[in-house]
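Chemist: Numbered according to full-length UniProt numbering, the sequence shown spans residues 1 to 329.
Simulated from the structure, these hints should not be mistaken for laboratory data.
One or more of the hints may lead you astray.
What the hints assert, rightly or not - In silico DSBU-like cross-links for lysine-lysine, where the CA-CA straight-line distance does not exceed 35 Å:
id: 1; residue 1: Lys206; residue 2: Lys218
id: 2; residue 1: Lys65; residue 2: Lys143
id: 3; residue 1: Lys65; residue 2: Lys186
id: 4; residue 1: Lys186; residue 2: Lys143
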Amino acid sequence: MYERDVTPKPVPFYLKPRILLLVVLVVVGLILFFTSFFVVDQTEEAVVLRFGRYHRTVGPGLHWKLPLGIDRNYNVPTQVIQNMSFGFRTERPGVVTVYSSRDYPGESIMLTGDLNIVDVEWIIQYRIVDPKAWLFNVEDRTKTIRDISQSVINMLVGDRAILNVISVDRTMIESEGQELMNQLFKQYDLGITVTAVKLQNVVPPKGEVQDAFEDVNKAIQDMNRLINEGKEAYNKEIPRVKGEAQRIIQEAEGYRAERINRAEGEAKRFLSVLEEYRKAPEITRTRLYYEMLEKVLQNAESLDLVDKTLENFLPLKALGGTGTTGGAR
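Put together the whole structure using the sequences plus the hints.
Modeler: Dropping the structure here:
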C-alpha cells in the first residue's frame with residue numbers, strides 16, 4: 001500500500017524589510033561610532049592622516065576623526081625617555097638588570113688617537129619631540145640613530161689617547177657626544193633630541209692587552225698611593241716643625257728681650273751708683289763692700305774670719321744653724 005508523508009513543512013523565517021533595514025543601520029552606526037573616536041595617552045601625541053596624507057597632530061585625551069579609515073591615527077610616545085645600548089644588550093631590565101652574554105665588537109671596538117685599541121660600551125637616552133618627523137622623515141629610524149651615534153663616539157675616541165678615554169675625558173666625551181648627536185639628528189630632521197650619553201665599560205680588548213693594561217693601572221695606583229702617603233707625611237710633619245721653629249724663635253725673642261732689659265737695668269743701676277759715688281766716695285765704697293759681702297756670704301753655713309795680717313784669729317761659728325757671722329778686718 002502506498003504511504004504518503006502528510007507532515008506539514010516548516011514555514012521559512014521571514015524578516016520584514018523595515019526590521020532588516022533597522023538592523024543594518026544599527027550595525028553601520030556602531031561601526032561609524034567605534035571608528036570615529038580615538039584615545040591618546042598622557043605620555044603620547046597622535047598624528048592623524050586623512051587619506052594617507054598628514055592632517056594634524058593632537059595631544060592627550062579623547063579625539064574625533066572621520067570613520068571607516070578615512071582618518072587614521074598613529075600614537076607616538078613623546079614624553080617617554082627611550083634607551084639604546086651599544087656594545088651590549090639588555091635582556092631583562094629591572095632592579096637586577098640581566099645583560100646579554102653576547103658581545104658586539106663591531107660597535108664597541110675603536111681605535112684611539114695614539115693608535116691603541118679600546119673597547120667602549122655606551123648608551124644614549126633620547127626623546128621624540130616631533131611626532132610627524134619621527135614617523136615620515138626617515139625610513140629606518142633605528143639604524144639611523146645607531147649609525148650616527150657610533151660615528152660620533154668613534155670620532156671623539158679617535159681624537160684622544162687611550163689613557164684619557166679611560167679616565168679624565170669620559171665626562172667630556174659624554175657631553176660633546178650629546179651635542180654632536182643632536183646637531184646631526186637635527187640635520188636629518190629625525191624629530192628626536194638626545195637627553196644623555198653615558199659611557200659604561202671603557203677597557204682595553206680582552207687578552208694580553210687588557211692584562212698588560214691592568215698591570216699599568218696597578219702601577220699607577222701604587223704610584224698615586226705612595227704620593228698620597230708622602231703628602232700625608234709632609235702635611236703631618238711640616239706643621240709640627242714649623243710650630244717647633246716658631247716656639248724656638250719666640251723663646252729666643254723672649255731671651256733677647258730679657259737680656260736687653262737686664263743689661264739696661266744694670267747700666268741704669270751702675271749710673272745711679274756712680275752718681276752717688278761721686279757725691280760721697282767713701283760712704284759709697286763702704287756700702288758696696290758690705291753689699292758684696294752680703295751677696296758672697298748669704299748662702300754660707302760655716303765660716304771662719306781672720307784679719308788680713310793674721311794678727312788676731314777670730315774663729316766665729318754659726319751656732320744654732322742660721323745665725324749671722326761677723327768679724328773684724
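Chemist: For each hint, tell me whether it holds in the structure or not.
Modeler: Now for the hints, and whether the structure bears them out:
no.	hint	result
1	Lys206 <-> Lys218	holds, 17 Å
2	Lys65 <-> Lys143	holds, 33 Å
3	Lys65 <-> Lys186	holds, 31 Å
4	Lys186 <-> Lys143	holds, 16 Å
This entry satisfies every hint, going by the numbered hints stated previously.
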